[in-house]
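Read top to bottom, the protein sequences are chains E and A. Under the UniProt record's numbering, residues 1 to 275 are what the first sequence spells out, in order. Under the UniProt record's numbering, residues 1 to 397 are what the second sequence spells out, in order.
A portion of the hints provided could be inaccurate.
[Claimed, not checked] Once the Cα atoms are required to be at most 27 Å apart in a straight line, the calculated DSSO-like pairs of lysine-lysine come out as:
#	chain 1	residue 1	chain 2	residue 2
1	E	K79	E	K144
2	A	K263	E	K73
3	E	K73	E	K266
4	A	K32	E	K73
5	A	K7	A	K32
6	A	K52	A	K106
[To be verified] Residues of chain E placed beyond 10 Å of chain A at every Cβ, according to the derived structure:
#	residue
7	R66
8	I106
9	E257
[As the list claims (entries may be wrong)] Ranges between beta-carbon positions, derived for each pair:
#	chain 1	residue 1	chain 2	residue 2	range
10	E	R141	A	R128	46 to 52 Å
11	A	D28	E	H191	24 to 30 Å
12	A	A146	E	S202	54 to 60 Å
13	E	H191	A	R128	40 to 46 Å
14	E	Q199	A	F48	41 to 47 Å
15	E	S161	A	Y36	16 to 22 Å
16	E	H242	A	P161	21 to 27 Å
These are calculated hints, taken from the structure and not from any lab test. Backbone N, C-alpha and C fix where the C-beta goes; we use that ideal spot for every residue, glycine too.
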Amino acid sequence: MNRIQSVFSQLKSQNRAALIPFITAGDPDATTTVALMHRLTQAGVDLIELGVPFSDPMADGPTIQRSSERALKHHISLKDVFSMVAEFRKTNQSTPVVLMGYANPIEAMGYKDFVQTAGHAGVDGVLVVDYPPEECTEWVRYLKEQNIDPIFLLSPTTPESRIRRVAELARGYVYYVSLKGVTGASHLDLHEVGDKLSQLRSYINIPIGVGFGIRDEQTARRIAEQADAVVIGSRIVEEIEHSPAADLLANVGALVESLRRAIDAKSDHSSITEK
Amino acid sequence: MYDLPDKRGHFGPYGGTFVAETLISALDELCKQYEYYRDDAEFQAEFFHELKHYVGRPSPIYHAKRWSEHLGGAQILLKREDLNHTGAHKVNNTVGQALLARRMGKGRIIAETGAGQHGVASATVAARYGMECVVYMGSEDVKRQATNVYRMKLLGATVIPVDSGSCTLKDALNEAMRDWVTNVSNTYYIIGTVAGPHPYPMMVRDFQAIIGNEARQQMREEYGRQPDALIACVGGGSNAIGLFYPYIDEENVRMIGVEAAGKGIDTHEHAATLVTGRPGVLHGNRTYLIQDENGQIIETHSISAGLDYPGVGPEHAWLKDCGRAEYVAVTDDEALAAFHALCRFEGIIPALESSHALAYAAKLAPTLNKDQLLLVNLSGRGDKDMATVAQQSGISL
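Isolated chain A (complex conformation):
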């Protein structure tokens, strides 16, 4: 039985609590509270109630029949996280953490965001539960994601542009950590992915595991069996771990994480951390990182802002090393091609992040038999990506 992490948040050599002393007591407190509520029936009941009535779960599994026929191989099934309220899987986690923050008596939540999806999901639950919300966002991302910035403001959040470092997600994360250290008595920090110090990788995984748990039941009921492979995109890796985790002990189900190869993994412009990186310590945990020979973190690139991160969740690092999951990378161009294919064949506009998973499915499916099943996590919808995609086609909206 897979039972990681250990008590102090280690997944093999990865994970852990690599933070300054000033944050330790806040994390200890969070661990204690989460361990308690993790097994608290009332907390879990409220969580599932919110997921059903506010988020709109369960999300269906949809058979992309025309696209599968076109590809001429395995059948592609989509776990429709794009149909969730706010348009992505991120909200599963923010609902869970906001409920925890409320029980811990914290009236102020902070979050970091790259593309703005986690920021929107945080601002959403803050509004829902009447909490103050401050979102840190790299100033570059603020420019690239103006619509999401406006969305957060509509929801009552304060968006603070971060002007340090590369002015992107990792810098927003640094800044949110600093806010937390300073205001820990009244503030809860909602990390949006399965990275950061313990207990975040475990806690975010647990909240996202609803994806895989539903999928197992739906597959059993609707297809009478589990899929041959699971495919999900990996930036920090929360949607992937949410789908993978309940399947870890089912060893005949392949698990494939798809990273962003950007302009190619042989260029310097990609975000394929597990495929090309080396282990190190960043943002509170030991994991694979994209870094130079001196251990400095390198700026990453992906057409999808949500995958544009130089680290990855420590549990993915472990699943890679122990061989349970496979990690591959697809380029911006391949992701865009899959994006357009899903639009045309299925009438579904996918997020650019999820398009990476779709692109790998499109490569893998033709190599398999028609009775094989690939379950792809369609982690978000592409409405937020209209401007980016239009620009790629030389159109300005």
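The shape of chain E in the complex, shown without the other chains:
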């Protein structure tokens, strides 16, 4: 059982949902990221999505794009990201780390180098936003050979045939994008999410995380009642952006602790269809 599986199986036995934060590696600078990862685990997160900065993050909204720009000012490369993960792994062997980013930095490094270095660094999964299942057969094979989980996105508009295809390829968990639009947008329809999750569960037998548009404790709690994991990105990245350096770890820690409490306060019997 790999780290991602064991985290989800433990949470399942406790009837809890996973809390997954997203931060961009190297935001606001190279030295803060590992400290921030440790602070996140202290605050109770179950898995960390670590963004690989890219010059043209097409599927992200302005908040995460700015975080990429801040990291790129320090010339953060994939190699730097792997060093951060390796550094984190020195003192944390249990929290899974999933890299999330765009195809081109990986293409520039080459699949083989990427998966080998990622495996050695202690990366558990990779989500490449612009590798849809049709375009990444070879890529997925490389990942699986290194026992790294390929994570895929599903959206409200994904048709049944594609859900089946993703169900075949995906390992670890799948990431359901809970609204149309880019990261950080703010019009989440909880009813729609609930309906879609039931549909997805009839094809997908690994955990389903939900993200995009989760900005507050209440929404996080409501999502936790339906999903196996709650992914929160833009809200956390905003906190990083607005915090003075001296308060950054404390501020992000406090925010994530409050989200953790909200998620754990989920009611087992409540249904997402109630108002």
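Please build the complex by placing chain A on the supplied structure of chain E, with the hints as guidance.
For chain A alone, kept in the frame of chain E given last:
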């Protein structure tokens, strides 16, 4: 017989659909609709009717006789896309896509633009067909291209300056994609070049292929033979592919794409993607890119905003790799010299983009015999470039 792309938009290893899941269903829908209308006689008839009566096609082939004599070699022929309504080849594509958008029931069109030519062509057809139009434009480009911004506004479009990244064309494209993801139910995204995810490279090529199809017929009728070489500038590559595509199977016709070498390809200030770049994935397709060793996209430079793009259409990437087309680059200075030459010898003010193709023709012609024919795509007129050219000569207008 050349029959690319394949069903999923691949030109050899290039092209494809490298986008986030959130865009897939919109692209699938577009593919389905386009495949249907591509073979629909009524759609094609309306398209050609519009090209004739609204755009003013066919565009003539003009023999640049004085300039050819001056250069002392091959005869230079110009395919006059500069005479189209709105002043460039861009409108061929926006007419086609606007007609498709109408049939798909989308009342709002969005577009990205660099120099503003595609934005103007999009705003033009939006006005013509009574559609809402939003144009994304890098804030740097908004400053550099004030006249075109005003033109778009006159035509009723909303121009949204994009302040992210390098504040140029690629960032405008990112932002237009984001708008599309968010508003896909009522919005049609008109991409202006043969890049982006499938079906755009194929669809834009098909609409622009009118250039090469006309040229073949005109050459046959007026010269009794096809040219020895085709020359066209390449940014994203839509005017070049429009001319090249109908000639791909005629292997004795050379095809030469001319990229922007800016201040020189040995500097960092150029946009010569095929000449200097490496394959990668950007804006929905796999193609050659100007990137650093970590796969980050690098800012490009060209005196011509329309060539100032770090990618290139995937079909050009394939035509380069398989050797069917040649790709070269000319500098800002060479393009400017050709610009002035065409003004003085032929009384034609070319766009700075097209001036790159002219500059290479001026290099090649003297090496060839006087009975050889070079067909240059004069993709646009230079009215939009007055301020840039004047500034280069130290004149402020």
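Here is how each hint holds up against the structure:
1. At roughly 21 Å between alpha-carbon atoms, K79 (chain E) and K144 (chain E) fall within 27 Å of each other, so this suggested pair holds.
2. Under the criterion of a C-alpha separation no larger than 27 Å, the hint pairing K263 (chain A) with K73 (chain E) is consistent with the structure, at around 25 Å.
3. The hinted pair formed by K73 (chain E) and K266 (chain E) fails the criterion: a straight-line CA distance of about 40 Å is larger than 27 Å.
4. Between K32 (chain A) and K73 (chain E), the direct Cα distance comes to roughly 42 Å. Violation of the 27 Å bound is thereby established for this hinted pair.
5. A distance of roughly 11 Å separates the Cα atoms of K7 (chain A) and K32 (chain A); the hinted pair therefore holds under the 27 Å criterion.
6. Under the criterion of a C-alpha separation no larger than 27 Å, the hint pairing K52 (chain A) with K106 (chain A) is consistent with the structure, at around 24 Å.
7. Distance to chain A contradicts R66 (chain E) as a non-interface residue, since its nearest Cβ pair spans about 8 Å, not more than 10 Å.
8. For I106 (chain E), the non-interface assignment is contradicted: its Cβ lies about 7 Å from the closest Cβ of chain A, within the 10 Å cut-off.
9. Chain A leaves E257 (chain E) outside its interface by the beta-carbon criterion, the shortest separation being 31 Å against a cut-off of 10 Å.
10. Between R141 (chain E) and R128 (chain A) the beta carbons are some 50 Å apart, a value that agrees with the proposed interval 46 to 52 Å.
11. The hint said 24 to 30 Å for the Cβ distance between D28 (chain A) and H191 (chain E), and at roughly 25 Å that hint holds.
12. Restraint check, A146 (chain A) to S202 (chain E): a C-beta distance of roughly 56 Å satisfies the suggested window 54 to 60 Å.
13. Checked against the given bound of 40 to 46 Å, the beta carbons of H191 (chain E) and R128 (chain A), roughly 41 Å apart, stay inside it.
14. Look at Q199 (chain E) against F48 (chain A): about 45 Å separates their beta carbons, and that is inside 41 to 47 Å.
15. At roughly 20 Å, the beta-carbon separation of S161 (chain E) and Y36 (chain A) lies within the given 16 to 22 Å, and the hint holds.
16. Distance hint for H242 (chain E) and P161 (chain A): a CB-CB separation of about 24 Å, consistent with the stated range 21 to 27 Å.
In this structure, the hints that do not hold are numbers 3, 4, 7 and 8, in rising order.
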